[in-house]
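Which chain is which? The protein sequence lines are A and B, in order.
Under my numbering, the first residue of the first sequence carries the number 1, and numbering increases by one thereafter.
Under my numbering, the first residue of the second sequence carries the number 1, and numbering increases by one thereafter.
No lab work stands behind these hints: they were computed from the structure.
Derived BS3-like pairs (lysine-lysine); straight-line CA-CA distance at most 25 Å: (1) B/Lys154 x B/Lys143; (2) A/Lys373 x B/Lys6; (3) B/Lys60 x B/Lys141; (4) A/Lys229 x A/Lys170; (5) A/Lys229 x A/Lys78; (6) B/Lys154 x A/Lys349; (7) B/Lys141 x B/Lys151; (8) A/Lys373 x A/Lys349; (9) B/Lys151 x A/Lys373; (10) A/Lys308 x B/Lys5; (11) A/Lys152 x A/Lys308; (12) A/Lys373 x B/Lys5; (13) B/Lys154 x A/Lys348; (14) B/Lys60 x B/Lys140; (15) A/Lys264 x A/Lys229; (16) B/Lys154 x A/Lys373; (17) B/Lys3 x A/Lys308; (18) B/Lys88 x B/Lys131; (19) B/Lys60 x B/Lys143; (20) A/Lys78 x A/Lys287; (21) B/Lys154 x B/Lys141; (22) A/Lys164 x A/Lys229; (23) A/Lys373 x B/Lys143; (24) B/Lys39 x B/Lys5; (25) B/Lys151 x B/Lys60; (26) A/Lys373 x A/Lys348; (27) B/Lys143 x A/Lys287; (28) A/Lys349 x A/Lys308; (29) A/Lys373 x A/Lys308; (30) B/Lys39 x B/Lys6; (31) A/Lys264 x A/Lys170; (32) B/Lys6 x A/Lys308; (33) A/Lys348 x A/Lys308.
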Amino acid sequence: MKDSTSPHNWVAEHIAVLPKSGIRDFFELVNSMTDVVSLGIGEPDFATPWHIREATIYALHRGFTHYTSNLGDLRLRKAIVNYAQQNFGVSYSPETECIVTVGVSEGLDILMRSILNPGDEVLYHEPCYVSYAPTIRMTHAVPVAVQTREEKNFVLDIADLEAKVTARTKALLLNYPNNPTGAGLTAADKQALADFVQRHDLLLISDEIYEELSYVPRSASIAALPGMKERTVVLNGMSKAFAMTGYRLGYAMGPAMIIDAMMKVHQYSMLCAPVLSQAAALEALRKGSVARESMRQEYEQRRNVIVKRLNEMGLRCFLPHGAFYVFPCIQGTGLNSYEFAMQLLQQKKVAVVPGTAFGPSGEGFVRCSYAAKMEDIETAMSRMQEFLTGK
Amino acid sequence: MNKLKKDILALLQTNARLTEQEIADRLQSQPETVAALIKEMEHDGLILGYTVVVSPDVEKDQVRAIIEVQVQPERDAGFDNFARALAKFPEVSAVHLVSGRYDLHLEVVGNSLQDVAAFVASQLACQDGVKSTATLFLLKKYKEAGIEFEKEEKYERLNFTP
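Please construct the entire structure, taking both the sequences and the accompanying hints into account.
Take a look at the structure:
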């Protein structure tokens, strides 16, 4: 008989063992402070371009407030595959190879639930976005982290992948341009990774949410390489390129068999992505390129400034290829990532994210986001400089 | 014009007070290079001046008007001589030739309604070649040089997100 004095534990075992973020207290401390200059924000500081907001309002006026097809409004799916053709050089069928999701987060979740059996292994690089390992674990599959290293500018090394691949490995999950490091892949990197997944008959999952925020000439999408389209699922969305995080709108493109399976999970859990967000996405994809490019240019200039200042103050970092993060090494300070971030916050009221938030291999680094106004970046850099010189 | 010059101009057009160092840092250049290119563009007449966008409060003692002018064009010269002559008046802050139902679009600044009215009546409308004028007084300024005067309410963003 159960002990009636202790509350019943209703939580499923595999959820109970999911770790909460190790820096949760730090998150909460920062979010409770009001006068912080924050370089800790993983979303654009720009307001959503006005024409996109206006299109949302117009959709509401027209009573565009009902369910859409489970896969998403066909007009939107057509716009997505057109956009992908023009911007990433890959062709998909809007009817069978594209699904509209609630951000990349849901896209990743329903993809994992669609492809993974209990015990399957998924390779992914670390440092990485915080949801990867939990999303894999929630399907009773096994996340297998592969470290990336500063000396390789945080690009996955094939030898490291080879060391971790097993008979149970089902997929490789990539996110380039990368959160939190800003790393990007060259054409040669993409080819090497494509060869690796083909050699081991793996599915490639490419989270390309930062793809449009690239500051180097972009090479062909990995999905466009020979033999790759049939084994690649591309995840992307509106959040970063069009400053639409709160709209929660993403999409997945890949083999019809997988999209169809994802549709089942999506249908029974989400039904469809919010219709107003779909209307806004349609506007963004059709007419948003000017606003998108102007934001990209601004990020690029901020990147140049922040990288120069960090290196000048002795926090070594490479020039990121994309996204809006820079990942300086703080080992020279003698502090660990958490101590560095906490002391910087307490002494100078500047928020950066300890690298360990993105996995243990982020130790020795902090993530600075340049999705912040140039004057905030400059203030933050001056205060960090003071922090380092002990002023 | 090379890309660096274009990029410098684009930055100066949003904020002419950026220092050469700031511009260089943003564009991955050197302050000396930026200074030299700005000098060159000033010399070549690509940069004609620097100005400031001020709040309507600063201009509350001024009256601004747009004046639409219909002009009889001249053989060979078209509207050019006339437009250049109007540009010489200190009251006139901008002159454009426009398409549509009138020809020249003037922006005029004065200290009072009477000032502007007097300029139109005694200096502009009586010029040879002027067929008609229409004066539109500006009542309130909402946006100028790409800058909105009433800032959008600050939108909420968490201080810290992964």
